[in-house]
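Protein chains in written order, with this note's numbering: chain A, 139 to 233; chain B, 17 to 344.
Hints are supplied without guarantee of correctness; some may be wrong.
Using 27 Å as the maximum straight-line C-alpha spacing, the simulated DSSO-like pairs for lysine-lysine come out as follows [said to hold, decoys possible]:
1. B:Lys212 x B:Lys95
2. B:Lys64 x A:Lys154
3. B:Lys337 x A:Lys142
4. A:Lys142 x B:Lys64
5. A:Lys160 x B:Lys188
Simulated from the structure, these hints should not be mistaken for laboratory data.
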Amino acid sequence: MSEKEWPLWEVFIRSKQGLDHKHCGSLHAVDAEMAVRMARDVYTRRNEGVSIWVVPSNAIAASDPNDREAFVEPMADKIYRHPTFYELPDEVKHM
Amino acid sequence: MYTQMMDLPGQVAKLAGDEGPQAERFQARVDEDARIEPRDWMPEAYRKTLVRQISQHAHSEIVGMLPEGNWVTRAPTLKRKAILVAKVQDEAGHGLYLYSAAETLGVSREQLVGQLLSGKAKYSSIFNYPTPTWADIGAIGWLVDGAAIMNQIPICRCSYGPYARAMIRICKEESFHQRQGFDIMLAMCRGTPEQKAMAQDALNRWWWPCLMMFGPSDKDSTHSAQSMAWKIKRVSNDELRQKFVDVTLPQADLLGLTVPDPALRWNAERGHYDFGEIAWDEFWKVVNGDGPLNRERLAARVAAHQNGRWVREAATAYAEKQRARAAA
Numbered sequence: 139m140s141e142k143e144w145p146l147w148e149v150f151i152r153s154k155q156g157l158d159h160k161h162c163g164s165l166h167a168v169d170a171e172m173a174v175r176m177a178r179d180v181y182t183r184r185n186e187g188v189s190i191w192v193v194p195s196n197a198i199a200a201s202d203p204n205d206r207e208a209f210v211e212p213m214a215d216k217i218y219r220h221p222t223f224y225e226l227p228d229e230v231k232h233m
Numbered sequence: 017m018y019t020q021m022m023d024l025p026g027q028v029a030k031l032a033g034d035e036g037p038q039a040e041r042f043q044a045r046v047d048e049d050a051r052i053e054p055r056d057w058m059p060e061a062y063r064k065t066l067v068r069q070i071s072q073h074a075h076s077e078i079v080g081m082l083p084e085g086n087w088v089t090r091a092p093t094l095k096r097k098a099i100l101v102a103k104v105q106d107e108a109g110h111g112l113y114l115y116s117a118a119e120t121l122g123v124s125r126e127q128l129v130g131q132l133l134s135g136k137a138k139y140s141s142i143f144n145y146p147t148p149t150w151a152d153i154g155a156i157g158w159l160v161d162g163a164a165i166m167n168q169i170p171i172c173r174c175s176y177g178p179y180a181r182a183m184i185r186i187c188k189e190e191s192f193h194q195r196q197g198f199d200i201m202l203a204m205c206r207g208t209p210e211q212k213a214m215a216q217d218a219l220n221r222w223w224w225p226c227l228m229m230f231g232p233s234d235k236d237s238t239h240s241a242q243s244m245a246w247k248i249k250r251v252s253n254d255e256l257r258q259k260f261v262d263v264t265l266p267q268a269d270l271l272g273l274t275v276p277d278p279a280l281r282w283n284a285e286r287g288h289y290d291f292g293e294i295a296w297d298e299f300w301k302v303v304n305g306d307g308p309l310n311r312e313r314l315a316a317r318v319a320a321h322q323n324g325r326w327v328r329e330a331a332t333a334y335a336e337k338q339r340a341r342a343a344a
């Protein structure tokens, strides 16, 4: 049998209940079950997580970093979206 | 554990297409301490330098399991054995974090492992030295991992995001490694005269190879400047080496051991220890494949890869069968 490289999986770990899963790295495994098992050994040897997600790397669609200007920067000039944009009279409390 | 090879000959020169407005924007981002991520534009020479450095670092972690593995079955107590197994497992983990980081630059794991097994890729010279006694396990943790931490902490701020993130995880784990090594040394130095003599013997053999881990002297490392400008490397070899000597000497004193360097003395004027000249011919000999155990280490890796082939094939076949069953 010729050796085929095992697919790449991205690993996401929930460090504790109540927090989001966060990307922490990647690994190669034959299937999802093995990927979870290996992620446990590679990424949670010191209680780093209570839950693991694995996702085939090639299933991730991403924004293009070259589009950063068009994609991200329009957000920067809409400062009225932030509460600090609005000046309140000193008398107003708890808002 | 560790890398050192960034200054070795054959460092990547600037390549075609590495100049121009994109390159200027790239350098500006690096200059303002922004991180570069996998899909960002980067000069080809930056990419190649990183692939080389990160993969050499990964290979070092993997080969670094061998000198320690030598003592897993012979550790003096069950507790020490469990600790050593955990440490060796960490080294495998470090190798994996680093291979993953290298793969984000567009090389495959297969290529990287292939380069190690064919003898084309380098790994840290330190792992080509033997571990004949238990005290060597102590000396490796205390000195080799100590030198590794010294070298790796600045890489946590490396300009390439995935490498920096891998390095942060690794540095956290290395500090356990160094302390377990010092703990072994301490136990032996407080033990029988024979045990203390073993600890001294291990220090005698590891001291100079550890100083070599920091790589060639700054005056001979012609390629550092580019790595510094790219913020792949942040502190020079000689600075790191000096820092290592300065922090390690008091620890040796505390153990009651003598560092094997007659030229070693405190220099109040500099505020540092002065130390003797490193035997660079030995360093280059080991780097170029002629150290005490280069051939044995490589042969052990090749055998492990070949002997594991049936496991990889069986896992692939099993996964295919499961997929076929699920589809049926």
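To see whether the hints hold, each was checked on the structure:
1. For the given pair, Lys212 of chain B sits about 21 Å from Lys95 of chain B by alpha-carbon distance, which is consistent with the 27 Å threshold.
2. Under the criterion of a C-alpha separation no larger than 27 Å, the hint pairing Lys64 of chain B with Lys154 of chain A is inconsistent with the structure, at around 38 Å.
3. Annotation: proposed proximity of Lys337 of chain B to Lys142 of chain A holds, straight-line Cα distance about 16 Å (limit 27 Å).
4. Taking the CA atoms of Lys142 of chain A and Lys64 of chain B, the gap is near 25 Å; set against the 27 Å cutoff, the hint holds.
5. Simply put, Lys160 of chain A and Lys188 of chain B have alpha-carbon atoms about 18 Å apart, close enough for the 27 Å limit, and the pair holds.
Comparing the model with each numbered hint stated earlier shows that hint 2 is the single one that does not hold.
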